[in-house]
Every structure is written in C-alpha cells, then in structure tokens.
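Construct the entire structure; sequences and hints are all you get.
Protein chains in written order, with UniProt numbering: chain H, 1 to 276; chain S, 1 to 309.
Keep in mind that a hint or two might mislead.
Now the stretches of chain S that chain H is said to cover, found in silico as 3 or more residues with beta-carbon under 8 Å [as the list claims (entries may be wrong)]:
1. 54-60
2. 63-71
3. 76-82
4. 106-114
5. 197-209
Hints are computed from structural coordinates only; laboratory data are not their basis. None of the values given here were measured: they were computed from a predicted structure. Every residue gets a Cβ at the ideal spot worked out from N, C-alpha and C, and that includes glycine.
Residue strings, one per chain:
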Amino acid sequence: MSTALAPSFALPAAPGLLTQLHRCLTADYQKLRRTVALWLAVGGGALPVLLNFCIFYSKGQYIIKPGQNPWPQYVSMSWQTSSILLLPLFMVLLTGLLTNVEHRASGWKHVHALPVGRWAVYSSKLLILLQLTLLAETLYVVLLLGAGGLLGWLRPGLGFQANHPDLLPVATMLGHTFIATLGMLGVQYVAALWWRGMVGPLGLGIAGIVTGLTLLRWEHIDLIPYAATTRVLGALGGKGTLTVNPHMMPAEWYSLAWFAGSLLLGYWLLRMRRAD
Amino acid sequence: MTTTPLLLETQGLHFRFGKRAILQDINLQVAPGSIYGFLGPNGAGKSTTMRLLLGLLRPAAGRIQLFGHDLAQHRVALLSRVGALIENPSLYDHLTGRENVDVTRRLHGVSPARTAEVLEIVGLTNSANRPAKEYSLGMRQRLGLALALLPDPDLLLLDEPTNGLDPNGIMEMRGLLQRLRQEHGKTILLSSHLISEIEKVATHVGVIQQGRLVFQGRLPELQQLHAGRAQVMLETASADTCRNLLPHLLGGAMLTGASTLQLPFTSQNQVATLAEALVAAGQPIYSLRAEQPSLEDTFLHLTETSAAL
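Set out below in structure tokens:
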C-alpha cells in the first residue's frame, strides 16, 4: 500500500487503447473458465458429427454406392445437418450464455467503473464471441474428418480409408459458413446486451430461426441472417468429388451487412445507455 | 467547508430518470484524507450519486471533478485511482474468490502479487480457493471491498459497504476504513442510511433527502446542530395547571401527556429557574431533566424538514 499521505492531484496517464483491449480480453478469458458458453463452444460441434457418424455407421451402405468416394457425400450431409438448424441455435445460445456471465454477476456496473473504456469492454466480448465461433466451427471440421477416418477403420466397406478428404473445399466451406454466421452473431450480441438477460435474445433468436426456415423459398430470403448458413449450402456441389464455389454468395454479403449494422447500433446503444 | 483543494467535488449536479428529477443541485465537497459519510434514507439518491461519480450515469446538468479534473473528459484516467463498491458486489459465482479478484486485477493492470495482498487485507486468504457462490453475504461484501482496494486507490467510493455484515464484521470494516485513512491517507466516501454507522467513522457528513443535499459539513457541526435540539422534560401532577400558572416559562411547552411537558432546552439556568418557579407555585416535580435527542433523531429531523433548510 502507498505510504504517501497527501494524494497527488496530477492527472494519471490513461492506459492506451490497445492496453485497455488487452486487459479486457485477458479478464474475459478468465471469466470463461467453467462456463457453459465455453463447453458449448468446445463440444457443440460434436452433436452433428455424432448424428452423421451413426447414420453412416448403420446405413452407410445404402447412401454410398460401391466404389464411390464416400467423403463428398459424407461432408455434404453432415454440413447440411449442422447448418440448417443446429448452427443458428448454437449461435443464439453462445451469444446469450456469454453475455449472461456478466448479467448474472451484475457485472456491468463493476466493469464500467474500472479504467477501461466502454468500447474496449464491448470489443473484447465481441472478439471472444468471434473466437469461440471459429473455434467451434473448426473443431467441428476436425471432428468431422476424424469421425470419417474412424468410419474407414470401423466400416472398411464404405471406402473412407481408400480415399482422402479434399481439404481445400472443406476449408472454403468453413469460410462460407463462418461469414454466414456473422450476421446472426451481430444481431444476437446486440440483443443480448440490450435485454441484459437470456430470455429476450433467446426469444428473438428462435423467432429468427423459425422465420428463416419458413421463408426458405422466398426470393429475398438472403436478407434474413438466420437463413444465411442454410443459403451458403448452395456453394456445395459435386457428386463424385467435393467442390465448393469459392465466390461470396449474396447471403454472405447480407450477413456481413447485418454484422456491421448491428455492431454500429450496439456501439451507439452502449454510448447512449446507462452503463450500470 | 474547506480551503484545501477538494479531492472530489460536484457542482450543480442534476439527474433525471425520464421526466422525474432524481437529484437536484448536488454540490458535494470531499476533502483529501477525509471519511465522508453520505447519509440518507433509502431512495434518497445515494446510489444514483455514487453511480454518477463513477461515470456509470450521465448527469442532466452539472460537473463532477475528481482530483481536480473533469470526470466526463478524463474518466478512464481518473478511474485508475478510484476503488468502488456499488451496492451488492459484482461477483462471478462460477469463479473462486481468488479468480474473482484476479479478473478485476487484470482489468486494472496491476501486478499479480496484489491479489494475495487484498485478500489478506479483507481476511479472505483462507477461503480464496472456494467458489464465490459458496460465500456468505458478509464474505461477498468483503470480497467486494478487496476488488475496490486492488488499485491501491486514493479515493474509495463505498455504497452501503456494511450490508449483510454481522456486528463483528461491521466493527472490522470500521477499523479497516479508519486504518486506510489514518495510515495510508485514503479518502473514503461512504454511503449509508444508518447514522449510527457513519458517526463512528466519518470526519465529514453529507445528508441527502429526496435528491437534495440538506446538510454538509464536519461531523462536529452535525453534532452541534443536534445539541441545539435538546429538550427539557417535566413530569408533574398536572401539566396543564403548570402551564397556566407559569405562562412566561411554560407558554411554549408542549403537552406530551396529562402530566408531562416538553420544551426546548436553552441553558442550565432555564432548568434551575423552572424548578424554583414550580416549587414556588406549589406544583410537585416528579422529574425534570434535559434530554439530548439521539443523532438518529437529528438525522430524521433533517431529512423530514429538508424543505425548511
């Protein structure tokens, strides 16, 4: 403790912007410990992989023609299983759970009374969300390819071991899907900050997902961020070999627009709203 | 109130919630090295003021200066010298006590060794590895204080810090605050709705009522105000008869019962003269005493008659 009895009236130096962001990030990483949000990010990709694994293990012979490379079919089927419903649900839950760590602790009044700017607190959580999403989607791909390898060992008749998965299209598809999730991420993040609880953003998310699924045949469906991960499935092609169109699809552009628009709105709300 | 530069000062602070005025013209003056007791009943605007002092809320009008600098302009820089505990401490229940301190330590950017130091100061070293969700109310409050102490702040803003503490815990907290002021020169703004809590520790007092500051000054000044409110209590056979017989002495007395009278105390001579006059008039004196109202009564009086002040 200080032994100086007379406090100085000199203006202390404010930490630099990057220092503030770094401090927020390291604190947010520590807050993630033992949270459901972290477990969801680490384990969330396992469910679609497991479902697909069970289908191919038990019924693979009906899905794959003898002599055909099973990987394209396997990757496409699994990607569809995860993208249409599970990934949007995952995004809604992840954003809700991550911000709920702060809501539950009444943490906003504490964090905003510390020497870090509001923008740093806001950006740090956003970066954590982006990292967790990327982690979950990458882990999903690793698990998917690993489960395919396991199928080759357990069910040699399916031909997984005789062929190799084509990594470039898988990586391209991962890129499409990640961009497609950004719109949802932005909207849900701002909703979670606004409502300061789980119920509001969860309700909005479910309504969005249902709307996306219901309006899939609408000519302007690309506008709805919750349908973007389904819409980018259109980049997948090829029967015998896995091909993925590398060009950005309209749904991805709209997703990016939603992401940018939501974040700007969120930052504006953050500045205008009481911080406690 | 003081000629030395103020560590914390607000000028014409106003705050509204929608159209409702919550705070009106608050001019706080907190001198360096003082413990400023910020008193007021629940809902008077104490927590709102504390939130404004931390930049959590924006004032509708007025200025806040910390260490002589404008808070609105230098919020982040100034907050590095402030420790705060606002209402219930914000704790992450899934983390241990130590991890909770560490999270805030990282946000302050202070050395890792500080975590153990503040846990030691608040007496939580032995429970540091338990999850915060297992902490009692008092332990949570102490952990909240540990968070506030992390940056070795020159100014501590503590909103009802003894909430949930048992009498022993309250005494410990009082001792800790006095040590922080006397040995380390800290300035502490301490809010409470209990004057008994403030009078034992504060050097200065501000009383807020319905969003207005109705008293501000040194604790002895409040005590003086309270000394001026002493009353003479008389118990006799018939209060009414006494009043009629001695209108020059008891004309302003208040009948508090059939045989009791109460009047403002002015001097010891007043009591002696009254006793003589009563005996001369043949009235029995069962009891005659000067009664000091408690500081609690003075506080209540202040907050009830704020419009008159």
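Going through the earlier hints one by one, which of them does the structure break, listed in rising order?
Violated hint (a single one): 5; every other hint is consistent with the structure.
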